[in-house]
Amino acid sequence: MSDVAHDASEFAPPAELEEMELYHPKTWIGKYVWSQDAKTIAIQYAITAIAIGLVALVLSLLMRLQLGFPNTFSLIDPSNYLQFVTMHGMIMVIYLLTALFLGGFGNYLIPLMVGARDMVFPYLNMISYWVYLAAVLILVASFFVAGGPTGAGWTLYPPQSISPGTPGTDWGIILMLVSLALFIVGFTMGGLNYVVTVLQARTRGMSLMRMPLTVWGIFIATILALLAFPALFVSAIMMLLDLLLGTSFFMPAMVSLGDQTAYDGGSPILFQHLFWFFGHPEVYIVALPAFGIVSDILSTHARKAIFGYRMMVWAIVAIGGLSFIVWAHHMYVSGMNPLFGFFFATTTLIIAVPTAIKVYNWVLTLWQGNIRMNVPMMFAIGFVFTFINGGLTGLFLGNVTVDLPLSDTYFVIAHFHMVMGVSPILVVYAAIYHWYPKITGRMLNDTLGKIHFWMTLLGTYSIYYPMHYLGLEGLPRRYFAYGDTAFISESSQDLNAAITIAAFVVAFAQLFFLYNLVRSLRKGEPAGDNPWEATTLEWQTEHTPPQHGNFSKELPVVYRWAYDYGLPGAKDDFIPQNVPPSNVVYETDK
Amino acid sequence: MSTNDNSHYYIPESSWYPVWAAFGVGTMMYGLANWLNQLKAGEDGGTHILFYAGFTVLAAVLVAWYGKVIAENHEGLANAQLKKSYVWGMSWFIFSEVMFFAAFFGALFYTRNFVMVWLGGEGGKGITGDYLWPAFQAVWPIVENPDPSVFPNPGESMAAPPLSQWGSYLPFWNTAILLSSSVTVHMAHTAIKNGARGALKAWLGITVLLGIVFLFLQVEEYMHAYSEMGLTLGTGIYGSTFFLLTGFHGFHVTLGTFILAVQLVRAFKGHFSHDDQFGFEAASWYWHFVDVVWVFLFFFVYIY
Numbered sequence: 000m001s002d003v004a005h006d007a008s009e010f011a012p013p014a015e016l017e018e019m020e021l022y023h024p025k026t027w028i029g030k031y032v033w034s035q036d037a038k039t040i041a042i043q044y045a046i047t048a049i050a051i052g053l054v055a056l057v058l059s060l061l062m063r064l065q066l067g068f069p070n071t072f073s074l075i076d077p078s079n080y081l082q083f084v085t086m087h088g089m090i091m092v093i094y095l096l097t098a099l100f101l102g103g104f105g106n107y108l109i110p111l112m113v114g115a116r117d118m119v120f121p122y123l124n125m126i127s128y129w130v131y132l133a134a135v136l137i138l139v140a141s142f143f144v145a146g147g148p149t150g151a152g153w154t155l156y157p158p159q160s161i162s163p164g165t166p167g168t169d170w171g172i173i174l175m176l177v178s179l180a181l182f183i184v185g186f187t188m189g190g191l192n193y194v195v196t197v198l199q200a201r202t203r204g205m206s207l208m209r210m211p212l213t214v215w216g217i218f219i220a221t222i223l224a225l226l227a228f229p230a231l232f233v234s235a236i237m238m239l240l241d242l243l244l245g246t247s248f249f250m251p252a253m254v255s256l257g258d259q260t261a262y263d264g265g266s267p268i269l270f271q272h273l274f275w276f277f278g279h280p281e282v283y284i285v286a287l288p289a290f291g292i293v294s295d296i297l298s299t300h301a302r303k304a305i306f307g308y309r310m311m312v313w314a315i316v317a318i319g320g321l322s323f324i325v326w327a328h329h330m331y332v333s334g335m336n337p338l339f340g341f342f343f344a345t346t347t348l349i350i351a352v353p354t355a356i357k358v359y360n361w362v363l364t365l366w367q368g369n370i371r372m373n374v375p376m377m378f379a380i381g382f383v384f385t386f387i388n389g390g391l392t393g394l395f396l397g398n399v400t401v402d403l404p405l406s407d408t409y410f411v412i413a414h415f416h417m418v419m420g421v422s423p424i425l426v427v428y429a430a431i432y433h434w435y436p437k438i439t440g441r442m443l444n445d446t447l448g449k450i451h452f453w454m455t456l457l458g459t460y461s462i463y464y465p466m467h468y469l470g471l472e473g474l475p476r477r478y479f480a481y482g483d484t485a486f487i488s489e490s491s492q493d494l495n496a497a498i499t500i501a502a503f504v505v506a507f508a509q510l511f512f513l514y515n516l517v518r519s520l521r522k523g524e525p526a527g528d529n530p531w532e533a534t535t536l537e538w539q540t541e542h543t544p545p546q547h548g549n550f551s552k553e554l555p556v557v558y559r560w561a562y563d564y565g566l567p568g569a570k571d572d573f574i575p576q577n578v579p580p581s582n583v584v585y586e587t588d589k
Numbered sequence: 000m001s002t003n004d005n006s007h008y009y010i011p012e013s014s015w016y017p018v019w020a021a022f023g024v025g026t027m028m029y030g031l032a033n034w035l036n037q038l039k040a041g042e043d044g045g046t047h048i049l050f051y052a053g054f055t056v057l058a059a060v061l062v063a064w065y066g067k068v069i070a071e072n073h074e075g076l077a078n079a080q081l082k083k084s085y086v087w088g089m090s091w092f093i094f095s096e097v098m099f100f101a102a103f104f105g106a107l108f109y110t111r112n113f114v115m116v117w118l119g120g121e122g123g124k125g126i127t128g129d130y131l132w133p134a135f136q137a138v139w140p141i142v143e144n145p146d147p148s149v150f151p152n153p154g155e156s157m158a159a160p161p162l163s164q165w166g167s168y169l170p171f172w173n174t175a176i177l178l179s180s181s182v183t184v185h186m187a188h189t190a191i192k193n194g195a196r197g198a199l200k201a202w203l204g205i206t207v208l209l210g211i212v213f214l215f216l217q218v219e220e221y222m223h224a225y226s227e228m229g230l231t232l233g234t235g236i237y238g239s240t241f242f243l244l245t246g247f248h249g250f251h252v253t254l255g256t257f258i259l260a261v262q263l264v265r266a267f268k269g270h271f272s273h274d275d276q277f278g279f280e281a282a283s284w285y286w287h288f289v290d291v292v293w294v295f296l297f298f299f300v301y302i303y
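The listed protein sequences correspond, in order, to chains H and C. For the first sequence, the positions run 0 to 589 when numbering that gives the first Met the number 0 is used. For the second sequence, the positions run 0 to 303 when numbering that gives the first Met the number 0 is used.
Be careful, since some hints might not be right.
Here chain H is said to cover these stretches of chain C; the calculated rule only asks that three of the stretch's residues, wherever they fall, bring their Cβ under 8 Å from a Cβ of chain H [claimed, not checked]: (1) 16-25; (2) 33-39; (3) 79-91; (4) 144-157; (5) 275-282.
Just so you know, these hints were derived from the structure itself, not from any lab. Beta carbons: idealized from backbone N, C-alpha and C, even for Gly.
So that you can see chain C by itself, here it is in the shape it has in the complex:
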C-alpha cells in the first residue's frame, strides 16, 4: 500500500463529549472550592451538590467517550499512526506523573534532611530550633513533636520492625501483594500475546483482586493508625507526610484497579487480540508505574 495515498483520511465527527466533560470538571472543581471553603469556615453541613453533580457528569461522559473510542477501534477506524500516538501519549502522561510523585518525595526529603535537623538545633538554621524547642530530638520518624500542644504526639510510627517480625508487618504484605500483582498483570499480557483467552481472564482477574486486597489492607492500616496508634494527618510532620504520600499513592492504586477492572470486563467481552491490545497495555504500564512508586514509598516512608 502506498503511503502517499492520503486521499481517504479520517477526521472524527463533531462531538459534544469534550464540552460536557469540561463542564463536568469545571462544576466539580467549583463545587470542590465551595466545599473546601465551608470546611474552612467550620460549617460542614453543606450538600456539596455541585461537586457530586459535576463528578456524575464527568463520569457519564468518560464512560460514553471510552466506549466510543473502543467501538471506533473495532470498526477499524483507528489507523497505525493513531495507535502509535496512544502509546506516546500514555508514555508522556506517565512521565508527568513521575514528576508529580518526585515533588512529593522531594518534599519528604527536604523535611527530613533539612527542616527536622534545624528544628533539632543542628545546622545553619539550628539556633532558632534550639531556642524554641531545646528538648526536641531530631529523630525520624518523629514521635515526639517539638510542641505537643500544637501538634499532639503520635502514639507510634509506621517504621518497620526488625526483619524477624515482618510476618506481622502489614506494609510488608502490601509490598508483596503489589509486587506479585505486577507479575500477574505481566502474565495476563503474555497470555494476550499467545492468544490464551482463559489465561488472560484468570491472570487479569487475579491482578484486580490483588489490587482490591491491597486497598483493603491500606484502609485497615489507616483505621489502625487513626484509632489505635494515634497517628493522624494532624500529628506533626511525620503523620502529615505519611498520609500525604501513601494517600496519593492509594488514590492512584484505586484508579489503576478501576482501569484494570474495565480491562477485565473487556477481556470477558472478547476484546484484545495479540496485535491490538493497547488499552490493556496502557493499563498495565500504569499499574507497573504505581508499583514502582510503592517500592520507593516502602523504602523511604516505612523502612528508611
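Isolated chain H (complex conformation):
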C-alpha cells in the first residue's frame, strides 16, 4: 500500500552528525528554565497563563462581591470596579485563553501529533515565550503604578479610554497598549513557528488530511491570529498617537468636565472597526483549537471514528474565513448604516452553518459509541452542551432587531461567557485531564476530577443562566451598583446575590483541580504510554513523558488517519496511526 502522501524525497537527512550529548541540555536550569524544547516551553506557557488567569479569576470574584452585596463590602470603589472589569476581560481573552491554547497546547501537541522532533524554529519558540512573559509582567506592573490599570473596558473604546476621568489614563492605558504590542510581537514569532511546523515538519505519511483535528484547529487559529493581530497593533499605535501627540484619529469634538477637549473630528467608530476586525477572529482563535481538541477527545473516549472528518476540517477552514467578515455585529448600536447591519447579520448567521455541522458531527460521533465516561470525556460532553447553549443566544444577538434592546445588558455577558468563557475553559480542563498522563506520566485522580467537573459545570450554569434573565429585564453591564430604578425588579438583587454565591462555589471547585494537579505529580497512578488507547502519534512515543527530540532514533511513519477506532473486522479496538496495514490483525474466523 503506497499510502505515503507527501513526497518524502524532498526531506534530505541532516548533515553527517552524530546525535551528540552536546545538544541535550546538561543542567537542570537548561532543561526546565532556559529550554528550547517545545514541550517545556508549552508547560511554561501553560503555567504562566494559568497563573495570570487565577489573578483574573480573583478580580471577577471581587466584582461579584460588589454586585451581589453592594452595601456590605467596601473592598472596591467604582473606579476599581471598572479597572477590574477591564483587566479581567483582557487577561482572560488574550493572556489566558490565546496563550494557553496556542502557546500551551499548540507547543506541546503540534510537534508530537505531526511526528516532528520539535518546532522547526526552537529558538524562536523560546523567545516567543519569554516575550510573552515580559508582556504579562508589564501588564501586571500596571496594578502598581500611579493611577492603577486602565478602566476603559476590555474593548478599550475611545474616547473613554484616553479621556480624563477614566481610571488609569496616566500609566494604565500606556502599559496596557505596550503590553499588547509586546504580546503581539511575541505571538507573531510563535505563530510563524506553529504554521511552518504544520506545513513543513510532518513525518512521512502524515498528509494534511490525516492530521488530527487538534492540529487543524490550532493551525487555522494561528493563521487567523497572524492576520488579525496586526489590526489591533495598528489601533494601539493610533490610540497612542491620539493620547500623546495630539492627533485626532479616534477622538471626536467633545466637552469633558466642562471644558472642550483638544480634539475634534475623529471617529471612535473607526477604532471599533479596527478593534473588532481583530476582535472577532480572536473569538475563533480561541474557539477553533477548542473545537479540534474536543473532536479528538470525543472520538478517543467514544471509541469511534470522528463523524465526517473532511467536513470537520472544511468547517474549521470555513469558520476561519467567515470570521473576517462578521466583525461589525459587535457594533449594531454604534449607529452604522442599516444596510451594513443587514450584511453583517447575514454573514453572522451563515457562520452558524459550519458551526452546526461541527455540533452535529460531535453528537453523531457519540451516537452508538462505546463511550468511556471518564473525566476528559465528561468535560468534552459538557463543552458540547455549553457551546450549544451559548451558540443559541448568539443567534439572538446576531439579529439586529433582537440585539438592539439586548445590547450592553447582562444577556450579552451571559452569551459570551457561555460561548467564549465557559466552553473553552471546559475544553482546557478536558485537554489537561486527557494529556496530563502523557505530560507527567501519571494519571490525575478520578474522584477529584469528577467533583471538579460537576461543581464547575453546575456552578457555571447557576452563574450564567440567571444572567440571561437579568439581561432580558434590562440590567445594564459594567455598572458598579444599580440603586433604585423603576425597571429593575427588587428580586434581581437576590438573583445577583445567588450568582455571587455560585461564583464562589465555582472558584472553590478549582481548588480541587489545582490540588489534583500537584498531588498527582507524585502520587498519581502511573499512566503507562497510552492509557486511553488512543491512535494519535503523541501516545506512541517510546518514553512517557517524551524525551527531548520526542521520538527515539526513528521518526514514526504514518499509514492511516487518526481515527481508526473500532475498525470493522479488526481485532483491536484501536489502530495507532503508525501501524502499517500489514500489521493489522483481522478476525478471520467469521
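The hints should help you fit chain C onto chain H, whose structure is shown.
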C-alpha cells in the same frame, strides 16, 4: 539517500540568545512606556536609559544570533527541511505585514470616505457635522480643517500637481527610485544564480544606495512639510494619516535597507551560492513588499 534515515538528527544546542533577546525587548518596551508617560506629562527631560539599554541588548543579541545562523548554515548544519521552513516562515511573516498595512489603509479609506463626508454635512451622520461646522467643505486633501483653533490648517497638501510638473514633484522621483531599486535587487538575484559575483556586488550596492537616497529624500520631504508647508502630524486628519502611513512605510524601508546592507556585506565576504541564498532572497522579498506598499501609498496618499 534513504529518507528513513533519521538516526542522525540535529537538535540545536542550548542557547542564551532568546532569553537575552526577550529581556532586551521587554526592557525596551517598558522603557518606551516610561518614555511615553513622561511625554504625556509634558516632562520630556528623562534619560530614557531603559529604552536605549534594552535596544542595545536586543541589537547585540540579534547580531550574534544571525551570525550564528549563518555560521551553522556554512557548516552544513541546516538541512533541506530547515531551509524550506525559512521560506515558509518569511512568506507568512510578509503576509502578516500585509495585514498591518491593510489596517492602515483601511483607516485611511474610512476617514476619507465616511468620516470626512459626515463632517461635511452629508450622509447618515451629516447632521452633526452640519450643525457644528457649517462652513466645512469635505474635500480631500483637507487643507481647511473644521475647527482651526483646535487643529491649525496645513498650509498646503502633498497632493500631486498636474502631470507636466511632475519633474519637480519629489514623491514621483521617490517612486521612480524605489521601483528601480526593485529591478536592481532582482538583477542582483539573477547575478547570484548565474554565479556572477561582481555583478551581484554591483547591483546590490546600487540597491542599497537607492534605498538610502529614498530615505534621504523622504526626510527632505518631511522637513519641507514641517518647516515650509506647515503640514505636520498635528494639522488635522490629512496630516495625521499622511505621516502615519508614509512614516511606517519609511520605517520599513529603513529596516529593508539595513537588511540589504547586511546582505551586501555578506556578498563581499563571499557568501551565497547559486543554490543557497535564502538570506538574500528573503531580504529581496521584503524589499519587493515594501515597494508594492509604496505603489499603493503613492496612488492613495499622494495622487488619488
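A quick look at each hint next to the structure:
Here the segment 16-25 of chain C counts 8 residues with a CB under 8 Å from a CB of chain H, which clears the bar of 3, and the coverage holds. Residues of the segment 33-39 of chain C with a Cβ under 8 Å from some Cβ of chain H number 4, which satisfies the need for three, so the listed coverage holds. Only residues whose beta carbon comes within less than 8 Å of a beta carbon in chain H count, and the segment 79-91 of chain C has 8; three or more means the coverage holds. Requiring three or more residues with a Cβ within less than 8 Å of a Cβ of chain H, the coverage given for the segment 144-157 of chain C holds, as 5 such residues are present.
Here the segment 275-282 of chain C counts 0 residues with a CB under 8 Å from a CB of chain H, which misses the bar of 3, and the coverage is violated.
Of the hints listed earlier, the one the structure fails to meet is number 5.
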